[in-house]
Amino acid sequence: MAYCKPPQIAEVTVENGVKKAHSPLSSVLILGFLAGAFIALGFLLDIRVIANTPAEWGSMANFVGAAVFPVGLVLVLLAGGELLTGNMMAVPLARLARRISTGEMIKNLILITLANFAGAIFVAYFFGHIVGLTASGPYLDKLVDMAGHKIDSTFLQSFVSGIGCNWLVALAVWLSYGADNMSGKIIGIWFPTMAFVAIGFQHVVANMFLIPAAIFEGHFTWGQYLGNFVPVWLGNLTGGAIFVAAAYWGTYLRRTGEPRPQAEPAQAALAAQADYGKPELQKHA
Numbered sequence: 001m002a003y004c005k006p007p008q009i010a011e012v013t014v015e016n017g018v019k020k021a022h023s024p025l026s027s028v029l030i031l032g033f034l035a036g037a038f039i040a041l042g043f044l045l046d047i048r049v050i051a052n053t054p055a056e057w058g059s060m061a062n063f064v065g066a067a068v069f070p071v072g073l074v075l076v077l078l079a080g081g082e083l084l085t086g087n088m089m090a091v092p093l094a095r096l097a098r099r100i101s102t103g104e105m106i107k108n109l110i111l112i113t114l115a116n117f118a119g120a121i122f123v124a125y126f127f128g129h130i131v132g133l134t135a136s137g138p139y140l141d142k143l144v145d146m147a148g149h150k151i152d153s154t155f156l157q158s159f160v161s162g163i164g165c166n167w168l169v170a171l172a173v174w175l176s177y178g179a180d181n182m183s184g185k186i187i188g189i190w191f192p193t194m195a196f197v198a199i200g201f202q203h204v205v206a207n208m209f210l211i212p213a214a215i216f217e218g219h220f221t222w223g224q225y226l227g228n229f230v231p232v233w234l235g236n237l238t239g240g241a242i243f244v245a246a247a248y249w250g251t252y253l254r255r256t257g258e259p260r261p262q263a264e265p266a267q268a269a270l271a272a273q274a275d276y277g278k279p280e281l282q283k284h285a
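Residue numbering for the sequence shown follows our numbering, beginning at 1 and increasing consecutively.
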């Protein structure tokens, strides 16, 4: 199982960030929708698995739910998707490397936010509400309980929780870029993602499913959701862009002042090494 060293992962991540920022609008919206739906499906699986666990299990139930949630991020990174929290690390790193403009970075993050929201809402409404997978019984109780904890957090608590979440999620994406085969990528994705869920940190895209799903069942309001969305979005951005992208840029990629050139052949080979089988999928990881 080959693994790139951190400086090499940084180079691969910059290339991916550039590709993300330069993707056609149609690709960004379609893959963003899919990524939002994939994360929502992972959260739906979490709820369906733990809702009926005995009270005696205590925190072990949370661990079981955390252990199945990462399937969503695995689908994003291996099947193809554009996830906001991953882009909050890769695209700012490309900006820090002076390969894209600030405007391109902001545009990408806004478009991915909207597309992820559409995908997560689709799963919440059609699978959760229409099919009824979160509409009644212990599944509704668990949904409302989990959403309530998010809603009840203060702005500062939600912001700091968002930092912790995307520090781990961005590292999961980072590790997936460092592996050159599917099993290595899955392992790299699974454990940091499982950790953020077990700890209880807040993920803005996961909340795009959780809280609206509770709203569709008559609990909470869209105003309450907005009060959660803003600090978690900002916290996730801080976690990905500062605690991962800026940290590794300063360590491995910082130059004396001149813009970085296009990737050298060796760097391009590293980017190709992180492919999953089809060259066009690398830009969506």
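Honestly, the hints are just simulated from the structure, not real lab data. There may be inaccurate statements among the hints.
Stated by the list, open to error - In silico EDC-like cross-links for lysine to aspartate or glutamate, where the CA-CA straight-line distance does not exceed 20 angstroms:
no.: 1; residue 1: Lys19; residue 2: Asp180
no.: 2; residue 1: Lys5; residue 2: Asp180
no.: 3; residue 1: Lys19; residue 2: Asp152
Quantities reported herein were computed from a predicted structural model and do not represent experimental measurements.
Open item on the list: Please list, smallest to largest, the hint numbers that this structure does not respect.
Closed with: Going through the list in order, the structure violates hint 3 alone and respects the others.
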